[in-house]
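Protein chains in written order, with the working numbering: chain W, 5 to 417; chain D, 5 to 417.
Treat each hint with caution, since some may be false.
[As the list claims (entries may be wrong)] Derived list of chain D stretches under chain W, where covered just means 3 residues or more per stretch with a C-beta under 8 Å from a C-beta of chain W:
(1) 90-97
(2) 385-393
[Claimed, not checked] Here are some chain D residues the structure puts well away from chain W; computed CB gaps all over 12 Å:
(3) T11
(4) P65
(5) G81
(6) P105
(7) E162
(8) H195
(9) H262
(10) A308
(11) A322
(12) P339
These are computed hints drawn from the structure, not numbers from a lab.
Glycine included, each C-beta is placed from N, C-alpha and C at the ideal position.
Number of protein chains: 2
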Amino acid sequence: MTDFSQTRAAFDLPEGVIYLDGNSLGPLPRSAAERVARMMTQEWGRLLIRGWNEAGWYVQPRRVGDRIAPLIGAEPGSVVMGDTLSVKVFQALSAAVEMRPERRVILSDSGNFPSDLYVAQELVAALDRGADRGVDRGVDREPDLGLELRIVAPEEVEAAIDDSIAVTLLTEVDYRTGRLHDMAALTARAHAAGALTIWDLAHSAGALPVRLAEAGADFAVGCTYKYLNGGPGAPAFIYVDPRHADAARPALAGWMGHAAPFAFDPHWTPASGIERMRVGTPPVLALTALEAALDIWEGVSLDALRQESIRLSEAFIAAVAARLPGLPLASPREPERRGSQVSFRHPDAYAIVQALIARGVIGDFRAPDIMRFGFTPLYLTLVETEKAADLLADVVLTEAWNQPEYRIRAQVT
Amino acid sequence: MTDFSQTRAAFDLPEGVIYLDGNSLGPLPRSAAERVARMMTQEWGRLLIRGWNEAGWYVQPRRVGDRIAPLIGAEPGSVVMGDTLSVKVFQALSAAVEMRPERRVILSDSGNFPSDLYVAQELVAALDRGADRGVDRGVDREPDLGLELRIVAPEEVEAAIDDSIAVTLLTEVDYRTGRLHDMAALTARAHAAGALTIWDLAHSAGALPVRLAEAGADFAVGCTYKYLNGGPGAPAFIYVDPRHADAARPALAGWMGHAAPFAFDPHWTPASGIERMRVGTPPVLALTALEAALDIWEGVSLDALRQESIRLSEAFIAAVAARLPGLPLASPREPERRGSQVSFRHPDAYAIVQALIARGVIGDFRAPDIMRFGFTPLYLTLVETEKAADLLADVVLTEAWNQPEYRIRAQVT
């Protein structure tokens, strides 16, 4: 039985704040600062360069990956940490398109996080310009033979998967609406069409049970600073289905992914398995903070977490609807079609979120009109949830948001 | 006047250790652990998501870049932090080859760090396969029209620069021998031939005066965990000559490099200037440790540092030569042709380095036969340098290294 009062006690939460933004940046685990300080003074300070072996820094990306694996339904040894989510998307996507050389379409949707689309767009553009470079300039290349990034509406993804698709690049949970894709069904559909799948788990890992191996997902990537509470800029993870791991060839490769990094061979020979997705020197401070955060997950049942997340989000929706029946819900109404967030639309969403923050309820604004609230049972209670709904209703009904100080445009949100 | 006893006092150095491996991992600055703990508890813990604006995390990659800039002779606003050195090499190289579409050769040398070569090799391979994908399969592509990575000996680089070269990819200081390339001369030669230059400053930044702007270098990249003492896995930096910054188009692009990251536009529009080289969420913990390390550089004259580095390395060479006249120096004998390290060759280099470490002198082994010693005036004294030379001679002359415990093959060195 998961005791969420115990997990809550493991976080250092500021007084007077109801935090509904753990889907953007998780809070500080109580043990993290001391853990990082100890790593710095005892390992870096005392061992110096010897820390790579003696403190296990070198194997930390795999060790931490093995702790992420059970949270995303992955096999041990199939996950490795490093870099940022965008870099890992780049590696997964470049490897996947290589594995389907006869196909030309990368399929994504308009609910995907823009950075994933940017990575795809610029990879396609670079490969396309690479093709121009390669062609005998006396012969025109057919313009439709290169790769194409095709973006459809989220509800059109399933129908758009056909045998032209090399790979689908989808974020399981929509960062604005919380809409949850059916990973198992879409993966099966992609495989039936001969396509590969890349799943971005930014809003899934630590938010709900993920079953990568069961779904047969080919690649997955995610970040650890949201529901996994690793801290600002915490490193990303990448998963490669063990069936593919020895075939995957990322366009971005570095020495830590070499079969023998310390042989200093001038030629890159990929390590076997997931190790080849390592690039440069791992971020030891950040991985150490993340290790402290992952301790909190020991003994937490993901099914119990999901149940509690639904209880909180349903209570929030009901409480908001009772007082603001006209406020449009931007999230699916059925909890099983949502991740662990609830979004509403309002033309003054930005100012309302600012006014709420001033009252101690931290949510998020997403352009153009989304108010986004994350539900994180590890540290969020039902009492807080209901109070947040009340404060939201107070702000909207009294037009408390309609003050100049709340209407300044966000520089960063 | 730079007072190196004061900079030495700013480091937490373990008792009984003479550290000649600051060119692999710099030691712990005394203020770093407390600085990171304060960032974690006061900023992350109290501000949560608001830290991105209120604690300046969002602008940290540029703020820290502006502190690196004077150490490498770069203009303010021309350097940004993030990712790892290999990722930054990838960005610089992909942008550079785009800027020379009519040329096909990337020129590097066998003294370059292997990871740079791996990045180049796999980028070339990916673009080449992209070209195969793009070509009408009825027409064979000329195999010699794609990009080529050409690797010559370091002393042959200058002669190899001709008008086939798109870009040179060179590490200024050889990681094994310490041989220093003439950045100004090679950059001038490259420009005369119409080529661009990428300088890897891994063993230069903080080791000697670097004059990027004066040399007219086009791109530069470097890491911060060696002579800059940022800690294990500290983030990399990238420099783009302001003349090119708005033209450079890296194949790897993310939302933090977008002109308007928080508009969540589905299309990537590069930010102006160096900002476009940002990719994902910046590593705030690591950047905070690095900021503490950079404080130590305030008031340090790079010319005084260079002078002291030469004094230490010359004393080391002289002391070793006096007792081990037959030991081959792997580094250039003239100090102005070296970086801030001295290397010797010995068939039992690995075992000798292990035996030295057991005696408190930490140096580095680099395959197959290099013993490498870094000289870091910020915290290394002449007395330590001479003692280290003596201990090296003792170990070699008494064959103290010839014990089974020192002969085990390195797993990680």
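Exercise for the section: Find the hints from earlier in the document that the structure breaks and name them by number, from lowest to highest. Expected result: 2, 4, 6, 9
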